[in-house]
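Residue numbers (numbering that gives the first Met the number 0), protein chains in the order written: chain A, 0 to 279; chain H, 0 to 279.
These are computed hints drawn from the structure, not numbers from a lab.
Warning: the hint list may mix true and false statements.
Each pair may be met inside one copy or between any two copies, as identical chains are not told apart.
[To be verified] In silico lysine to any residue, SDA-like type, Cα no more than 25 angstroms apart, as pairs: (1) Lys77 - Thr143; (2) Lys77 - Val101; (3) Lys198 - Gly83; (4) Lys235 - Glu257; (5) Lys198 - Asn272; (6) Lys198 - Gly263; (7) Lys1 - Ala37; (8) Lys235 - Asn272; (9) Lys1 - Gly83; (10) Lys235 - Pro164; (11) Lys77 - Asp149; (12) Lys1 - Glu155; (13) Lys235 - Arg42; (14) Lys235 - Ser269; (15) Lys235 - Arg200; (16) Lys198 - Asp60; (17) Lys77 - Leu196; (18) Lys198 - Val251; (19) Lys235 - Gly263; (20) Lys198 - Gln250; (21) Lys1 - Pro72.
These numbers were taken from a predicted model, which means no experiment stands behind them.
2 protein chains.
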Amino acid sequence: MKVFIAGLGLIGGSLALALRDRSLADEIVGFDASEEHAAEAVRLGIVDRTADFAEGVAAADLTVIATPVDTVPMLAVKALNRVGDRQTVMDVGSLKAELCEVVSMHARRGRFVAAHPMWGTEYSGPSAACHGAFEGRSVVLCDTELSDGDAVAAVESIFGALGSPVVRMRAEEHDLHAAYVSHISHVTSFALALTVLEKEREERHIFDLAGGGFESTVRLAKSAASTWVPILTGNKYNVLDVLREHIHQLQVIRRMIERDDAEGLRAAISRANTIRRIIR
Amino acid sequence: MKVFIAGLGLIGGSLALALRDRSLADEIVGFDASEEHAAEAVRLGIVDRTADFAEGVAAADLTVIATPVDTVPMLAVKALNRVGDRQTVMDVGSLKAELCEVVSMHARRGRFVAAHPMWGTEYSGPSAACHGAFEGRSVVLCDTELSDGDAVAAVESIFGALGSPVVRMRAEEHDLHAAYVSHISHVTSFALALTVLEKEREERHIFDLAGGGFESTVRLAKSAASTWVPILTGNKYNVLDVLREHIHQLQVIRRMIERDDAEGLRAAISRANTIRRIIR
Numbered sequence: 000m001k002v003f004i005a006g007l008g009l010i011g012g013s014l015a016l017a018l019r020d021r022s023l024a025d026e027i028v029g030f031d032a033s034e035e036h037a038a039e040a041v042r043l044g045i046v047d048r049t050a051d052f053a054e055g056v057a058a059a060d061l062t063v064i065a066t067p068v069d070t071v072p073m074l075a076v077k078a079l080n081r082v083g084d085r086q087t088v089m090d091v092g093s094l095k096a097e098l099c100e101v102v103s104m105h106a107r108r109g110r111f112v113a114a115h116p117m118w119g120t121e122y123s124g125p126s127a128a129c130h131g132a133f134e135g136r137s138v139v140l141c142d143t144e145l146s147d148g149d150a151v152a153a154v155e156s157i158f159g160a161l162g163s164p165v166v167r168m169r170a171e172e173h174d175l176h177a178a179y180v181s182h183i184s185h186v187t188s189f190a191l192a193l194t195v196l197e198k199e200r201e202e203r204h205i206f207d208l209a210g211g212g213f214e215s216t217v218r219l220a221k222s223a224a225s226t227w228v229p230i231l232t233g234n235k236y237n238v239l240d241v242l243r244e245h246i247h248q249l250q251v252i253r254r255m256i257e258r259d260d261a262e263g264l265r266a267a268i269s270r271a272n273t274i275r276r277i278i279r
Numbered sequence: 000m001k002v003f004i005a006g007l008g009l010i011g012g013s014l015a016l017a018l019r020d021r022s023l024a025d026e027i028v029g030f031d032a033s034e035e036h037a038a039e040a041v042r043l044g045i046v047d048r049t050a051d052f053a054e055g056v057a058a059a060d061l062t063v064i065a066t067p068v069d070t071v072p073m074l075a076v077k078a079l080n081r082v083g084d085r086q087t088v089m090d091v092g093s094l095k096a097e098l099c100e101v102v103s104m105h106a107r108r109g110r111f112v113a114a115h116p117m118w119g120t121e122y123s124g125p126s127a128a129c130h131g132a133f134e135g136r137s138v139v140l141c142d143t144e145l146s147d148g149d150a151v152a153a154v155e156s157i158f159g160a161l162g163s164p165v166v167r168m169r170a171e172e173h174d175l176h177a178a179y180v181s182h183i184s185h186v187t188s189f190a191l192a193l194t195v196l197e198k199e200r201e202e203r204h205i206f207d208l209a210g211g212g213f214e215s216t217v218r219l220a221k222s223a224a225s226t227w228v229p230i231l232t233g234n235k236y237n238v239l240d241v242l243r244e245h246i247h248q249l250q251v252i253r254r255m256i257e258r259d260d261a262e263g264l265r266a267a268i269s270r271a272n273t274i275r276r277i278i279r
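Next comes chain A alone, as it looks inside the complex:
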């Protein structure tokens, strides 16, 4: 299988490594809007060579769009404009509703598969690509009834080989759930980093005192603006909805602390503890 990957950052790069590690691709050709990143991806052995977008798509059995989410819909259309009946185009982005709407009436809609592997780290660029990514993490496929059966089967067999269980849902449903389990965590983490940077003027103390708990809640604050600004604005209404609830929960806890309401805090923490059922 010849694979073309547009966007050679964390996700595109890690997917290239995974395909190579499982011998799923005969050749991996890459494209990145940053010439520096493209050259770095070749140097790191992530892709065999680079090509321009139109040429890369035309020659590939599978095109993967792994660019920031605000650029995915137009690239998906441009890729579909260039593929035939046996070629497949897949994205791996964090947002699906607008994307699936944009491609919905394309004459080659059937060749498109909307995929979101639920994996990432706080790092970006080709040098952030890791071996073993995606393993054990779900991949969401959206609106698969609009994709040709063989295209979906090709994508499913790749993620099956990578050890990623497939979950199917509607694009709108995906964006709602992604706001809850991914986007809000990033907003919280950015805000927590800003809080500490704002209030803790003596940075030495953060260094000295930060334990594992702080690191784990603030880790995502290292994530790139180029990735996250388009996600937060693109998923605006869902993110605002969750954010409103999150601020409300913090205000409830704040009032309990203000009133020395130990009983209320105990009940709230015990309820929060039930998250154990979900993230063992």
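Model the placement of chain H on the given structure of chain A, informed by the hints.
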């Protein structure tokens, strides 16, 4: 050295294991208000045997108080009431201001060392005790000028052997910084868990979609109410101060998303990214 540990949970239990692993104690005697936990600690080989509090303190070279923070000041006084010139009492709790005030005028104040190892996990009880805890994590010693030199030296040599760099600060200063780098992370995590549990009615989707980012920001929400209610209420004013700033930061981000202020979001995220300097 004979060590007596009161409170055989995550911290007390892990300290017992660390002392044993480094051959720093000839005998480790334990006490826990829960008979079940005390018996479990013996069964797990965390302590050699149990004793009642008064007896345990009297016979020990070093008494460690590792109980929930609301019980530490009284136990510190009771321990100091029972020690002589060559015995040391240390606590390992998350709050220091009230504790240091309570013991400040005790006739044996010099035998007390206020210590806070900056390590923990979201689990509790004797079964949560881990080998290798504390290594590479700082330990804060507070108000050491009020402790006898030999008592501080004894505590420093223990943490030196465990691989924990020692940081000294005033008790009030400790509680302020602890609010920033530890307590707020727990509040955020509890609130995030409650947000998701409140809004995400279809729990199956949390299971399916939760990636590493969600797990890392919500992990602390599994922490026990019995540990955290006393910390949050005991450090009330510092926690409220940080919480107010954190809610403010979230509201600023919310307004930027509402207004599609990509430029503002980019600037905020880039500033949040500077946390990289601190938690590499």
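So, going through the hints one by one against the coordinates:
| no. | hint | verdict |
| --- | --- | --- |
| 1 | Lys77 - Thr143 | within (20 angstroms within a copy, 68 angstroms between copies) |
| 2 | Lys77 - Val101 | within (11 angstroms within a copy, 71 angstroms between copies) |
| 3 | Lys198 - Gly83 | neither (57 angstroms within a copy, 43 angstroms between copies) |
| 4 | Lys235 - Glu257 | between (32 angstroms within a copy, 7 angstroms between copies) |
| 5 | Lys198 - Asn272 | between (29 angstroms within a copy, 16 angstroms between copies) |
| 6 | Lys198 - Gly263 | between (28 angstroms within a copy, 20 angstroms between copies) |
| 7 | Lys1 - Ala37 | within (18 angstroms within a copy, 62 angstroms between copies) |
| 8 | Lys235 - Asn272 | between (29 angstroms within a copy, 22 angstroms between copies) |
| 9 | Lys1 - Gly83 | within (14 angstroms within a copy, 78 angstroms between copies) |
| 10 | Lys235 - Pro164 | neither (28 angstroms within a copy, 45 angstroms between copies) |
| 11 | Lys77 - Asp149 | within (21 angstroms within a copy, 75 angstroms between copies) |
| 12 | Lys1 - Glu155 | within (17 angstroms within a copy, 61 angstroms between copies) |
| 13 | Lys235 - Arg42 | neither (37 angstroms within a copy, 54 angstroms between copies) |
| 14 | Lys235 - Ser269 | between (31 angstroms within a copy, 20 angstroms between copies) |
| 15 | Lys235 - Arg200 | between (32 angstroms within a copy, 20 angstroms between copies) |
| 16 | Lys198 - Asp60 | neither (53 angstroms within a copy, 41 angstroms between copies) |
| 17 | Lys77 - Leu196 | neither (43 angstroms within a copy, 40 angstroms between copies) |
| 18 | Lys198 - Val251 | both (22 angstroms within a copy, 16 angstroms between copies) |
| 19 | Lys235 - Gly263 | between (32 angstroms within a copy, 15 angstroms between copies) |
| 20 | Lys198 - Gln250 | both (19 angstroms within a copy, 16 angstroms between copies) |
| 21 | Lys1 - Pro72 | within (22 angstroms within a copy, 68 angstroms between copies) |
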